[in-house]
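> If you read the sequences in order, they're chains S and C.
So for the first sequence, my numbering puts the first residue at 232; every next one is plus one.
So for the second sequence, my numbering puts the first residue at 232; every next one is plus one.
Worth double-checking, as some hints may not be accurate.
Intra- or inter-copy, both count: the list cannot distinguish identical chains.
[As the list claims (entries may be wrong)] Below, in silico cross-link-like pairs of lysine-lysine (DSSO-like), each with a Cα-Cα straight-line distance of 27 Å or less:
hint : residue 1 : residue 2
1    : K423      : K237
2    : K494      : K534
3    : K237      : K307
4    : K468      : K312
5    : K363      : K423
6    : K307      : K534
7    : K494      : K312
8    : K370      : K534
9    : K494      : K423
10   : K371      : K534
11   : K423      : K370
12   : K370      : K440
13   : K468      : K363
14   : K440      : K237
15   : K423      : K307
16   : K468      : K490
17   : K468      : K237
18   : K363      : K490
19   : K490      : K237
20   : K534      : K312
21   : K307      : K440
22   : K312      : K440
23   : K490      : K312
24   : K440      : K490
25   : K363      : K312
These are calculated hints, taken from the structure and not from any lab test.
Number of protein chains: 2
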Amino acid sequence: MPELRKDPIVNRWVIISTERGRRPKDYPSPPPKTNQGACPFCPGNESMTPHELLAYRPNPSPPDAPGWSLRVIPNKFPALKIEGGMGRVGDGMYDRMNGIGAHEVLIESPNHNVELDEMPPEAIEACWWAFKQRFVDLKKDSRFRYILIFKNHGEAAGASLEHAHMQLIALPIVPELVCDELAGARRHYDYKERCIFCDLIAQELGDRKRVVAENAGFLSVCPYAPRFPYEMWLLPKNHAPRFEESDGDTFYHLAHLLKDCLKRIRAALGAPPYNLVLHTSPINGKGDDTYHWHIEIMPKLTKLAGFEQGTGFYINPTLPEDAAATLRSPVL
Amino acid sequence: MPELRKDPIVNRWVIISTERGRRPKDYPSPPPKTNQGACPFCPGNESMTPHELLAYRPNPSPPDAPGWSLRVIPNKFPALKIEGGMGRVGDGMYDRMNGIGAHEVLIESPNHNVELDEMPPEAIEACWWAFKQRFVDLKKDSRFRYILIFKNHGEAAGASLEHAHMQLIALPIVPELVCDELAGARRHYDYKERCIFCDLIAQELGDRKRVVAENAGFLSVCPYAPRFPYEMWLLPKNHAPRFEESDGDTFYHLAHLLKDCLKRIRAALGAPPYNLVLHTSPINGKGDDTYHWHIEIMPKLTKLAGFEQGTGFYINPTLPEDAAATLRSPVL
């Protein structure tokens, strides 16, 4: 059973997931591919994955069989286990609980050779609809506090299979940085009675120096104090604490702007590995209406010097104003 | 001039250091070596570096010339600049200041082919004495709030030159994770009237499950909730808020235990890249006697999946109890 353990000094929870575990000699090789040659995410290979949780099928076809345009499955090597109680216990001064949670994979397309930015906007929109469906389902489980959606694109960004996919992890805790964001948004709201992300959107739309692109529903900016070169945030223009309350208009505009932004990254930076993380309000009682959901995209262009992980302090060699200017006019 | 910029939501400062800057086409290649062939850190090549700030010379010899056993120089490509005022200004809702600070390099040995764990304990001890001297000097500058000492070992850990060296950065702010640690230590002290690190040492010495090694002055443990496999902390056994107040006994024991622990990592894990970060109390008025300085060592064995940077939430495939058992009995 995986464990969740809490650092007593900074209150940071980590997953210790020994079932994906490795002996010392197994480091630093990448995790083994599920199968040599055959891609478990390709149509016809459905039996290589756990049973699907959700699939979109343009024409009726049976589950776990070809014919789907998008497919959500449990992760075959989950970091957390779905069965079991919380099992919160103390261990002297320390705290731990069972590593319960859901770990799912969304296969974005049946086509092995297409990347997210190459898909039609409708197919990108479908990914967000599917995640919304999974949110609604997982929120019924009162053990969960946060649902994390992310994409690792490229091996250097942590992807172990190349077929385009995103991941979802439902957690019984709220990740540390999300807690910090919630606290910051709450602090700003208590002082100003305004959402800090709405204020940020207003300032960015005013001076436009860090704006990358926009449409009727979303704004894409390089943030003022980015940790990474060409870091980019996509924010809904209207205040919205919770991703899963988004409507069709929202997903339509998100899909179009996300495709546009990923194409800009490809054109400006030559298809680098990247990570995409959805930040949204916690679920099941710990949500906060002062928060504003958004997406953060971090191209993987530099090696992190070690002190950055050790201190939370980052050195970024590119001004966000320069990054935004480059991304506004890449060779598309 | 580099800039320090603050994220308004989570109050995280980042350095934007465009003078080390790169155009999009320069990514993701590593920074250029200072010189092809010749190592700027080797004796005889002193003219390839800025003038030395400090050097230990067993026999009298002139500065910036061979004969040294250890040498501290300004970083030729500093992330921060030593000259200038704070220049704190607002920019609408945002905050920034001049990127002032010191960025120094400590060359651990004149021998190009020796690693820190292969050096005699006396030479390792000398590194800590040199850093203490630099601390005392830099603390006189009232602009600085924190002095960060770290080592990137191996290219994957961010080292751009292979000749063994450590780095020092003096900052006008306190890094985010150090702030979190200070707050956690203060919270524990306010409640228990004890240092949380002293409590941690007592518990670890009691059950010994996560103890890697110890001597009269220092304890080395795999922490209870490690972010990374084989993460290891070295803590002075007696309460000590500030690294720079260490005496000869402390450095003697630190040098011996550090050498021992690095040799264990080499034996157990096959000389992986690693990062070492010294955590100590802030300087110039923001220090806190409830803190306890220590060293964190993070072998680089896994790729960070992207969501870990985006959330501060980590998945670790190795139990610290298993890591400690392996490190206690590696093939030495």
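> Between the shortest in-copy and the shortest cross-copy C-alpha distance, which are at most 27 Å for K468 and K363: within, between, both, or neither?
within (19 Å within a copy, 51 Å between copies)
> First find the shortest C-alpha distance between K534 and K312 inside one copy, then the shortest across copies, and answer within, between, both or neither for a cut-off of 27 Å.
between (32 Å within a copy, 22 Å between copies)
> When Cα atoms must be at most 27 Å apart, do K363 and K312 count as within-copy, between-copy, both, or neither?
Result: close within a single copy only, 21 Å intra versus 48 Å inter.
> If the cutoff is 27 Å on CA atoms, where do K307 and K440 land: within, between, both or neither? Let me know, please.
For K307 and K440, the Cα distance exceeds 27 Å both inside one copy (44 Å) and across copies (31 Å).
> Within a copy, between copies, both or neither: where do K423 and K370 come within 27 Å Cα-Cα?
Answer is neither: 31 Å inside a copy and 38 Å across each miss the 27 Å cutoff.
> Reference check for the pair K423 and K237, CA-CA at most 27 Å: within, between, both, or neither?
between (33 Å within a copy, 19 Å between copies)
> For K440 vs K237, is the C-alpha pair at or below 27 Å within one copy, between two copies, both, or neither?
Between. Shortest inter-copy distance 17 Å satisfies the 27 Å Cα cut-off; intra-copy 40 Å does not.
> Within a copy, between copies, both or neither: which one fits K494 and K423 at a CA-CA cutoff of 27 Å?
Answer is neither: 37 Å inside a copy and 54 Å across each miss the 27 Å cutoff.
> As a check of your reading, is K237 near K307 (CA-CA no more than 27 Å) within one copy, between copies, both or neither?
This pair counts as within: shortest intra-copy Cα distance 26 Å, inter-copy 40 Å.
> Within a copy, between copies, both or neither: which one fits K371 and K534 at a CA-CA cutoff of 27 Å?
For K371 and K534, the Cα distance exceeds 27 Å both inside one copy (40 Å) and across copies (33 Å).
> Can you give me the call for K490 and K237, within, between, both or neither, at a CA distance of at most 27 Å?
Neither, since 38 Å and 29 Å both go past 27 Å.
> Quick one: K363 to K490, C-alpha cut-off 27 Å, is that within a copy, between copies, both, or neither?
Intra 19 Å, inter 52 Å, cutoff 27 Å: intra-copy only.
Of the numbered hints listed earlier, those contradicted by the structure are 4, 5, 7, 8, 9, 10, 11, 12, 15, 19, 21 and 23.
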